[in-house]
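Just need the whole structure built from these sequences, with the hints factored in.
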Amino acid sequence: MWDYTEKVKDHFLNPRNAGKIDDADGIGEVGSLACGDALKLFFKLDDEGRIVQATFQTFGCGSAIASSSALTEMIKGKTLDEALEITNKDIADYLGGLPKAKMHCSVMGREALEAAIQNYRGEPVTAHELDGEVVCECFGVTDTQIRRAIEENDLKTVEDVTHYTKAGGGCEKCLPSIEELLEEALGAKKKAQEPQPPKKLTNIQKITLIQKVIDEELRPTLQADGGDLDLIDVDGNLVTVSLRGACTNCPSSQITLKQGVEARLKEMVDPGIEVVEEA
Amino acid sequence: MGDTIYFDNNATTRVDPRVFEEMAPYFCDLYGNPSSMHTFGGQVGAKVEEARERTAQVLGCDASEIVFTSCGSEADNTAIRAALEAQPEKRHIITTKVEHPAVLNLAKALVKKGYHLTLLSVDGDGMIDLGELRDSIREDTALVSIMWANNETGTIFPIEEIAQIVRLRGVLFHTDAVQAVGKVPIDLKKVPIDFLALSGHKLHAPKGVGALYVRKGVPYRPLIIGGHQERGRRAGTEAVPNIIALGKACQLAFDAIDEENKTVRAMRDRLEAGLLGAVSKTILNGHSTQRLPNTVNLSFKFVEGEAILLLMNELNVCASSGSACTSGSLEPSHVLRAMGVPFTYAHGSIRFSLSRFNTMDEVDFMVEKLPPIIERLRALSPYTEE
Numbered sequence: 001m002w003d004y005t006e007k008v009k010d011h012f013l014n015p016r017n018a019g020k021i022d023d024a025d026g027i028g029e030v031g032s033l034a035c036g037d038a039l040k041l042f043f044k045l046d047d048e049g050r051i052v053q054a055t056f057q058t059f060g061c062g063s064a065i066a067s068s069s070a071l072t073e074m075i076k077g078k079t080l081d082e083a084l085e086i087t088n089k090d091i092a093d094y095l096g097g098l099p100k101a102k103m104h105c106s107v108m109g110r111e112a113l114e115a116a117i118q119n120y121r122g123e124p125v126t127a128h129e130l131d132g133e134v135v136c137e138c139f140g141v142t143d144t145q146i147r148r149a150i151e152e153n154d155l156k157t158v159e160d161v162t163h164y165t166k167a168g169g170g171c172e173k174c175l176p177s178i179e180e181l182l183e184e185a186l187g188a189k190k191k192a193q194e195p196q197p198p199k200k201l202t203n204i205q206k207i208t209l210i211q212k213v214i215d216e217e218l219r220p221t222l223q224a225d226g227g228d229l230d231l232i233d234v235d236g237n238l239v240t241v242s243l244r245g246a247c248t249n250c251p252s253s254q255i256t257l258k259q260g261v262e263a264r265l266k267e268m269v270d271p272g273i274e275v276v277e278e279a
Numbered sequence: 001m002g003d004t005i006y007f008d009n010n011a012t013t014r015v016d017p018r019v020f021e022e023m024a025p026y027f028c029d030l031y032g033n034p035s036s037m038h039t040f041g042g043q044v045g046a047k048v049e050e051a052r053e054r055t056a057q058v059l060g061c062d063a064s065e066i067v068f069t070s071c072g073s074e075a076d077n078t079a080i081r082a083a084l085e086a087q088p089e090k091r092h093i094i095t096t097k098v099e100h101p102a103v104l105n106l107a108k109a110l111v112k113k114g115y116h117l118t119l120l121s122v123d124g125d126g127m128i129d130l131g132e133l134r135d136s137i138r139e140d141t142a143l144v145s146i147m148w149a150n151n152e153t154g155t156i157f158p159i160e161e162i163a164q165i166v167r168l169r170g171v172l173f174h175t176d177a178v179q180a181v182g183k184v185p186i187d188l189k190k191v192p193i194d195f196l197a198l199s200g201h202k203l204h205a206p207k208g209v210g211a212l213y214v215r216k217g218v219p220y221r222p223l224i225i226g227g228h229q230e231r232g233r234r235a236g237t238e239a240v241p242n243i244i245a246l247g248k249a250c251q252l253a254f255d256a257i258d259e260e261n262k263t264v265r266a267m268r269d270r271l272e273a274g275l276l277g278a279v280s281k282t283i284l285n286g287h288s289t290q291r292l293p294n295t296v297n298l299s300f301k302f303v304e305g306e307a308i309l310l311l312m313n314e315l316n317v318c319a320s321s322g323s324a325c326t327s328g329s330l331e332p333s334h335v336l337r338a339m340g341v342p343f344t345y346a347h348g349s350i351r352f353s354l355s356r357f358n359t360m361d362e363v364d365f366m367v368e369k370l371p372p373i374i375e376r377l378r379a380l381s382p383y384t385e386e
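In the order they appear, the protein sequences are chains B and H.
Counting in this note's numbering, the first sequence runs from 1 upward without gaps.
Counting in this note's numbering, the second sequence runs from 1 upward without gaps.
Treat the hints as calculated values from the structure; they're not laboratory data.
Take the hints with a grain of salt, since some may be wrong.
What the hints assert, rightly or not - Here are some chain B residues pointing at chain H (derived, C-beta under 10 Å):
1. Trp2
2. Lys9
3. Ile21
4. Leu33
5. Cys35
6. Ala38
7. Asn237
8. Pro271
9. Gly272
To be verified - Which bits of chain B does chain H cover? Going by a derived footprint, with three or more residues having C-beta under 8 Å, they are:
10. 47 to 55
11. 256 to 270
What the hints assert, rightly or not - Take a look, some chain B residues computed to stay more than 10 Å from chain H by CB distance:
12. Glu29
13. Thr79
14. Glu152
15. Gly226
16. Thr240
Ideal placement from N, C-alpha and C gives every residue a C-beta, glycine not left out.
Dropping the structure here:
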């Protein structure tokens with residue numbers, strides 16, 4: 001059992017501001033089902049540009065829910081610029097600290113806040129997973145995210161980096177790269193840049209991209225016909241989806257699946273993709 | 001016990017008071033060393049041999065084929081290393097993707113030492129394909145190691161059939177039976193198994209004792225070298241009270257296995273049916289029939305396992321989860337992923353494992369209290385809306 005503070009337990013057992021805001025000014029979403037935690041943050045501004053209402057929806061463990069709840073309390077009454085000054089460490093401090101292995105929950109809070117503010121400002125949302133060079137392929141963590149976590153939290157060891165960003169928590173192949181980023185940040189002599197291999201999509205990037213194609217291109221078309229589609233799972237190149245609404249009983253749904261959905265995903269994401277319907 | 005409801009018996013079990021009573025005199029009163037020449041130690045030695053007989057009985061083997069160890073992991077490690085050391089020319093190991101870390105991580109460590117490893121896959125029910133097993137056995141296969149029953153899902157492998165297949169090809173066969181002993185009838189006289197590992201604390205003996213069955217005539221090398229204890233097969237002064245406890249626990253399990261399988265299964269079935277009926281978007285992980293009578297592993301879509309456990313903890317109910325946040329590795333259970341359980345479900349898995357000490361009232365309490373917990377967490381989740 002994790003050693004949570006009373007405040008973490010309180011925010012988990014009695015989450016503040018759970019739910020969504022239908023006419024939110026800004027919405028930010030980070031994480032995914034695959035990663036095991038995800039946070040959707042909503043806020044509303046008053047006439048003076050201060051956050052009057054903030055809510056969250058979170059899929060995740062106790063500390064993910066507590067961090068989300070804490071974040072909504074912390075940003076209330078702040079201007080967006082003030083809110084942007086909140087670091088993951090502030091969120092953890094607000095909760096009286098988080099277990100080290102759970103610090104990534106506070107990082108997720110900070111990232112959702114940034115995404116929501118970017119969303120409000122009409123800036124292209126820099127999907128964090130797609131920003132920078134991916135270091136950890138298991139969790140789609142980039143060097144940018146790792147550098148930032150090291151800097152803001154004064155991290156000293158590879159294990160710390162894993163606790164804060166999840167990087168290195170899967171197959172552990174990237175541990176030497178994390179070590180290099182640490183050395184670099186700690187002022188050690190930077191190794192000569194080696195030519196980078198062509199960028200290959202990581203699983204997380206792939207899932208994110210598939211979800212994007214589905215949400216932005218495929219679902220609107222299907223919805224126009226009274227149907228809908230959900231992404232259920234991605235396992236390598238095998239994409240499992242579930243057809244909804246009118247699609248469920250539509251005799252041409254298999255054609256939609258293969259010629260519509262699969263063809264588009266092959267083109268946009270990976271030529272090896274196969275789409276199947278959830279059993 | 002107090003008000004705690006303990007549904008986590010595949011993690012560890014309560015020491016049965018009858019077991020505790022049996023071992024208690026061997027701490028402060030009968031503390032002799034079984035190897036000693038005097039009667040004071042000798043009487044302890046006799047009691048250790050009685051424990052060996054009792055342990056052999058639950059397996060249907062000869063007492064001389066039992067080697068006491070410190071735990072199940074030691075038994076697994078001993079068996080695998082013995083098989084490899086005895087056949088240095090053979091460099092190939094076969095096991096499954098869903099093994100307990102005691103086998104899986106050892107196998108992976110051996111790859112770094114130059115061994116070749118085949119990991120058999122499982123289907124959606126967690127069952128292996130015997131065809132794949134047959135095809136995987138090679139000239140240089142030193143050992144096949146396949147668990148009897150899975151600790152996470154309770155899925156029971158057809159070990160009798162597997163053992164026959166492996167024997168026909170002249171390869172040594174080890175089974176990690178830590179979850180099976182006491183729950184599945186075992187008769188080693190009828191099944192050609194070469195090594196079998198068991199653990200005391202999974203069947204109401206204390207932590208710190210296990211046993212390895214080594215079939216007579218099977219090549220063997222000790223893992224721990226030193227004194228002549230266990231007839232030179234495992235050095236180190238015997239953990240006398242623990243061994244006596246293991247023997248008693250095996251005796252109790254042997255005497256009660258049929259009856260307990262009925263009562264425990266009835267509770268498990270009621271829990272399973274109750275929760276599947278009461279909570280939507282819930283699936284069973286594991287085989288519907290070929291499964292330990294005490295285990296049910298359910299996945300609740302769109303919620304995360306640790307959060308469920310924390311809310312259950314508020315009610316003093318103990319269970320386990322295969323979610324990333326509880327696995328300690330940031331990734332969800334290797335067993336559920338090997339079975340192809342989608343992420344949407346894998347992170348929300350909860351394992352309930354019962355024992356002779358559970359009651360129907362506890363089951364009914366859980367069936368009443370869990371659905372609102374899942375609803376509460378789904379209400380927080382961004383994925384709930386369809």
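Given hint Gly272 of chain B near chain H, where the shortest CB pair must fall under 10 Å: For Gly272 of chain B, the interface hint is violated, since the closest Cβ of chain H sits about 18 Å away, which is over 10 Å.
Minimum beta-carbon distance criterion (10 Å), Asn237 of chain B to chain H: Given a least distance of 14 Å, the restraint on Asn237 of chain B is violated.
Given hint Trp2 of chain B near chain H, where the shortest CB pair must fall under 10 Å: Where the cut-off is 10 Å and the nearest Cβ of chain H is about 8 Å from Trp2 of chain B, the hint holds.
Consistency of the no-contact label for Gly226 of chain B, given chain H and a CB cut of 10 Å: Fine: 15 Å to the nearest Cβ keeps Gly226 of chain B off the interface.
Ile21 of chain B as chain H interface residue, shortest Cβ-Cβ below 10 Å: 13 Å, violated
Residue hint Pro271 of chain B, partner chain H, criterion CB-CB below 10 Å: 23 Å, violated
Hint status (Cβ of Leu33 of chain B to nearest Cβ of chain H, threshold 10 Å): Cβ of Leu33 of chain B sits 5 Å from chain H, so the hint holds.
No chain H beta carbon within 10 Å of Glu152 of chain B's: Consistent with the label, Glu152 of chain B stays out of reach of chain H, its closest Cβ about 20 Å off (over 10 Å).
Reported absence of Glu29 of chain B from the contact zone with chain H (all CB gaps over 10 Å): 7 Å, violated
Exclusion check [Thr79 of chain B not at the chain H interface, CB over 10 Å]: 26 Å, holds
Status of the Lys9 of chain B interface restraint (C-beta, 10 Å, chain H): Holds: closest Cβ of chain H sits about 8 Å from Lys9 of chain B, inside 10 Å.
Coverage of the segment 256 to 270 of chain B by chain H, judged on three or more residues with CB within 8 Å: With 0 residues closer than 8 Å to chain H, the segment 256 to 270 of chain B misses the three-residue bar; violated.
Checked against the numbered hints listed earlier, the structure breaks hints 3, 7, 8, 9, 10, 11, 12, 16; every other hint is satisfied.
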